[in-house]
Each structure stands twice: as C-alpha cells, then as structure tokens.
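Here are the chains, one letter per residue:
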Amino acid sequence: MDDETFLLLLLSDSNLPTGSFVASSGFESYIKHGFGGDQNNRTIMFMRDSINAYARSALAFVSDTHRIVQDVHRDVEQGSEQKSDFDKYLQKIKEVDDLYDAMTLNDVTKRASKSQGVALLTLYSKGLTPPLAFTGVKNRKEIEIEVNSYMASLVAQYKSLVRAESAPGHLPICWGILTGALGLTLERSQYLHIFLHARSLLSASVRLNEIGPYNAQQTLLHISRSVIEAAVVRCKDLRTGIPSSTGTESDQPDGVDDKSRGPANTWPLGEILAARHDLQHSRIFNS
Amino acid sequence: MPGSSTSISKIQAGGGRITLSSHGGKAWISEFSATYPLKLLSPRLSDNAVAIVYVLTYGGGLVGGDCIELTVNVESATKLLLLSQGSTKVFKDRPQQRLASVQRSDHASRSTPGQASATLQNMNFTVSSQAALFLLPDPVTCFRSASYSQIQTFHASKDATLVILDWITSGRKSLGEDWVLSRYYSVNEVLIAGKRVAKDVMLLENNEFNSDSRLNRSLAEKLSPFACYATVILRGPLVEETIVQLTTRYGGISIMQRKAPEDLLWSLSSIGSDKENGVVVRVAGKETEMVKDWLKNTLRSLEQHIGVDVYRRAFV
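Respectively, the protein sequence lines represent chains A and B.
Residue 28 in full-length UniProt numbering sits at position 28 of the first sequence, with consecutive numbering throughout.
Residue 22 in full-length UniProt numbering sits at position 22 of the second sequence, with consecutive numbering throughout.
Among the clues, some could well be false.
Said to hold, decoys possible - Cut-off 27 Å, straight-line C-alpha distance, at most; resulting in silico cross-link-like pairs (DSSO-like, lysine-lysine):
1. K195(B) to K88(A)
2. K114(A) to K173(B)
3. K89(B) to K296(B)
4. K94(A) to K195(B)
5. K292(B) to K173(B)
6. K195(B) to K114(A)
What the hints assert, rightly or not - Here are the computed distance ranges between Cβ atoms for each label pair:
7. G86(B) to R283(A): 41 to 47 Å
8. E276(B) to K88(A): 28 to 34 Å
9. G252(B) to N286(A): 18 to 24 Å
10. Q217(A) to L191(B): 33 to 39 Å
11. H281(A) to E276(B): 29 to 35 Å
To be verified - Below, a sample of chain B positions facing chain A; criterion: calculated Cβ distance under 7 Å:
12. G194
13. K195
14. R196
15. S270
Keep in mind the hints are simulated off the structure, nothing from the lab.
Glycine residues also receive a C-beta, built at the ideal position from the N, C-alpha and C atoms.
Bound conformation, chain A alone:
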C-alpha cells in the first residue's frame, strides 16, 4: 500500500479528533426553522446546497494554503536559501487566513471553523509527527527527516500565531496546512475535504434523527458521491487572489477574473440559517 492511500485511510477515520462532531453545518437550524418540507428529502436537499455552497466558499483557501506548504517542501528539498525564512511562509498563510475571515461574515461559521482549524493543527503536532524517541522502522531518507522537522516547526509556529490571536486559524486553511505538511496531493486534499464535509453532515443527520445509520451510508455511497465530485470539479481551480510565491500561474491580475475564479457565497439562505443557529431555544450541536 502506498503512502498516500494509507494517509487517506487514516484521515477518513471518524474517530479522528477534529472537532467536527459538534458541527451540523447549519442543518439543525435549517430543520428547526421549518425548512426542507417533510423529512424524506430534507437531508439530501440540504446536503446538495451545503456541499455546493461550502466548496465554492472554502476550496480556494484549501488550495492556496496547500500550494504555500508545497513551496516549503520544494524549498527544503532543493536546499534553497528561502527555507530559513519561516516568517515569509507564515505571513503568506496568515494572509490567506485573514482573507477567509474577511469573507466569512458569519459568527457561527467562523466559530466552528476556528475550533476545527486549531484541532487539525493540534492533530498534526500531537498525532501525526514521528514520535520523539522513535527513529522508525524504515530507513528514512535524511531529506525526509529534514522536511518533516521543518513541517513540524511550521505547524507549531502557525499554531502559536493562532493561540496568540494573531491569525484566525480557519478550517480550510488548517486543512491545507495539514495535508500539505503530510505530503498529500492537492487533488486528494480537495476531494477529501469536501467528502468529510458531506460525511459530517450525514452523521449530524443521523444524530438529529432525520435518517437512520444505514440510510446515511446508502446516501453517502449512492447520492453524495456525484454531488461531491461535481462540486470539486467546479471549484478545484478557484484561487483566492493572493499570489503564491511561485507566481508562475496567472493569479487574477485584474478584478474581471475574480467573477469566475474566486471564492463566493452562493447560498444566502444557508448563510442566514447557519448564523441563526444560536437563536434556537434548544439545540444539540454547536453550529
């Protein structure tokens, strides 16, 4: 089994401590406010709109952060002088993070995003870096060790920025950091992120008594898949507009390109309902 597949299996584990368990992505509020009609189709309807909306607003941030971390990989592997300039990378990531914060004008979504974001950084530091006293069974190449140690420092330093409230630490950015640090490809990272969003939604639906556990798996396998794929295909080339350090691709030189290539909110109804989550008299989810 290759490294990438093993990583995918690991990251898809529902027991992974990511804090997504307490988030319904606005579904609980949607139901409480009387949307979706009768229970039969509610989950599928919400899932479609939510996946499409989330992909369009967040995927560009996953992608651009991932690219920055890929740049770190490249600089370290090539022994480039740039690699010692941590601050530069941190600032670039922070720029993407700040933009997501400015574009996500929704207190509930931001709260959920930040708590899940920092959980991912903690997951990397405490759960996915090589254990200190253990040199490993395989004979790791020296460069791999150097890259891993670099990544560990990068993540630790970014997490400090977040703890000090100098950077927001939003979920799409932290996912980009995590998967970039682990060496997962951009395509896999994008796909997995949207897949996990869908799965988390279905899990919330089960806990809200909307669908049963078997029905949830059926939906995930036979219905969610095409929605996830369509959303990823549509949003995989979106950029935030913040130029990467390579600057080789066209990074939206003028505002005209923004309209088709940038992140956007495409479901204002979902936005309002998600923001109103805390107005529910009683609720079982945090968001």
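Put chain B on the given structure of chain A with help from the hints.
Chain B in isolation, oriented as in the chain A frame:
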C-alpha cells in the same frame, strides 16, 4: 466653486464622480459629473448638511454591455446619502451596445465576445475622518437571463460611518420571474484605515451542472421561499446606537421547532474580531415590501443624524 483637483479627471462612458467637501463647517459638492448612461441627479444639501444624490441610469435600467464606474469621495465631517429612483433593473445580455455612447472604457472594449454583453457596475468610495456615507439604493432586479456584476469598494477612516445596503429581488412577479437571472455577482469590500476587514461576495447563478440531473438545483429552489435578499453593513460612530439595538433585539429571539418558515428572517454577525469593524445584517423576505419595511424600521435611528425629512426619502 472650483474643483478640488487642478486637472479635470477624464471620464469614460458610464463614468461618474462625486466629491463632497467641507471648509469652515460648511459642506458643498465640489465634484459632480457623469456620462451616459450614468445619471446623477439633484444634488442638494439639507439643513443637517447631509448631501443627497440620486444615482440612476438612462432608461431606468442597465442593458448588456453597460459599464458604470463611479468614484465617490466623502471628505472630512461631511455626510452623503446616495439613493436610487426605483429598482435597478438589469436586462438580459444583448450583443449590441447602446446607440448613443461615448468612448467606452478599457474594461468594456477589452472584454471577450462572450463577456461583452454582461453588465458591470464598479464603485469606489472614500469616506474620511468623521464623515458618513449612507448608501441606501433600491434593490437590484435581474430580469430573465440577465447577467450582472457589481463591485463596491469602501475605503474608510477609523472614525468614519458606513451604512451600506445591497439587495436583490427575484424578478418581475407579473411575468412570473422567480430567480431566473443568469448570473448575479456582487462584491462589497470594506477597508478601514487601509486594512481589509470585510469582503462580502455573493454569486447567484442558474447554471448548475450535475451529471445526475435529479441533483440539479435551480436558483429558485435553493432560495425559496424568499423573493428578496438584503445585506447591510453598519459601522462607525453614527450607527453605534443602531448596532446596540440590533444586538439586543437579536439576542432576544428564541426559535422553537417550526412547521414552516417565517415570512422574514434576519441574521446578525460581527465583522472581524474588533467591535469597531461593525456588523453585517442579512435579511430574507417572502416579499420585497416586507424587507423594505423591516429595513426602514430598523435603521430609523439614523433620523437623528440625517433628519426625518431626509430619512423619509430612503425606502420610499
């Protein structure tokens, strides 16, 4: 009064400039120009030194290929109220441009054939220290197959006040239009003391493609049952009271399980983590009138800053 700059800025088709200046406690409009199809009307100064300007387009609507570029400067200690006269109607893509047209701007002439027929409004606002901008237009209505983009950028000083209303309705009810526009793209970007604090981007499209057609959702389906969506950005000294009122009201709402959606829903969120950045209000209503009434009542405390008579002109 002479213009505030030594050279008169060149204006392209659909271009416009408004500058509100003040000196020794007196406010006056020092720059005021527009070219077809943009039209600026009736600049006047009320008793409270609030300048009112109506922003319109010839024909009462925008057609494919129209490109409006407006630059607004609200200088220190002045207040500007920008209104429209009736909903901004956006007609669908048309290949030909307007017959009476001056030199088109760079944007319009560089567009590719596919893009040339879309409509664009680009507005830049600078709001200086202790100044206030009240942008309270009527909603945009995109007709069947219309394609519209609007980019509004606000550069505000730390103690400037902004009230920005951006709203859209579902179409012409009489023709049964229910969110049948082709594309609506609206950006509101707010920078305070040079730092970007908010960038609200709304994109509504009717071109969703899914290989399994059962999963395609039309815009009408995902926005239902509401026919009007509004966003209001509020920040600055003159709206502190309004924000407190909104926060209190919002905190008092308690939702129990409902069988069906309410007629009107609204949400409140803060901008960034600094209170000074202000708030964003989003409203959705089954009818435009409901949203209009809600906005009119909610923003009523602005009367103390611009006067009852002036406030009455908004939300007519």
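Hints, one by one, checked against the model:
Pair hint K195(B) plus K88(A) holds up; C-alpha atoms about 19 Å apart against a cutoff of 27 Å. Between the alpha carbons of K114(A) and K173(B) the distance comes to roughly 42 Å, so the proposed pair goes past 27 Å and is violated. A distance of roughly 21 Å separates the Cα atoms of K89(B) and K296(B); the hinted pair therefore holds under the 27 Å criterion. With a C-alpha separation of about 14 Å, the suggested pair K94(A) and K195(B) falls inside the 27 Å cut-off, and the hint holds.
Taking the CA atoms of K292(B) and K173(B), the gap is near 17 Å; set against the 27 Å cutoff, the hint holds. Between K195(B) and K114(A) the CA atoms are separated by roughly 21 Å; this keeps the pair inside 27 Å, and the hint holds. At about 42 Å, the beta-carbon gap between G86(B) and R283(A) stays in the expected band of 41 to 47 Å. The supplied range of 28 to 34 Å is met by E276(B) and K88(A), whose beta-carbon atoms lie about 30 Å from each other.
Under the hint 18 to 24 Å, the C-beta atoms of G252(B) and N286(A), about 21 Å apart, fit the expected range. A hinted range of 33 to 39 Å for the beta carbons of Q217(A) and L191(B) is inconsistent with their spacing of about 47 Å. Taking 29 to 35 Å as the suggested C-beta distance range, the pair H281(A) and E276(B) conforms, at roughly 32 Å. Restraint check, G194(B) versus chain A: the minimum CB separation of about 14 Å is more than 7 Å; hint violated.
Contact between K195(B) and chain A, as hinted, is not supported at the beta carbon level, the nearest pair being about 9 Å apart and thus beyond 7 Å. At its closest, the beta carbon of R196(B) sits 5 Å from a beta carbon of chain A; the interface hint therefore holds under the 7 Å criterion. With a least beta-carbon distance of about 6 Å to chain A, the hint placing S270(B) at the interface is held under the 7 Å criterion.
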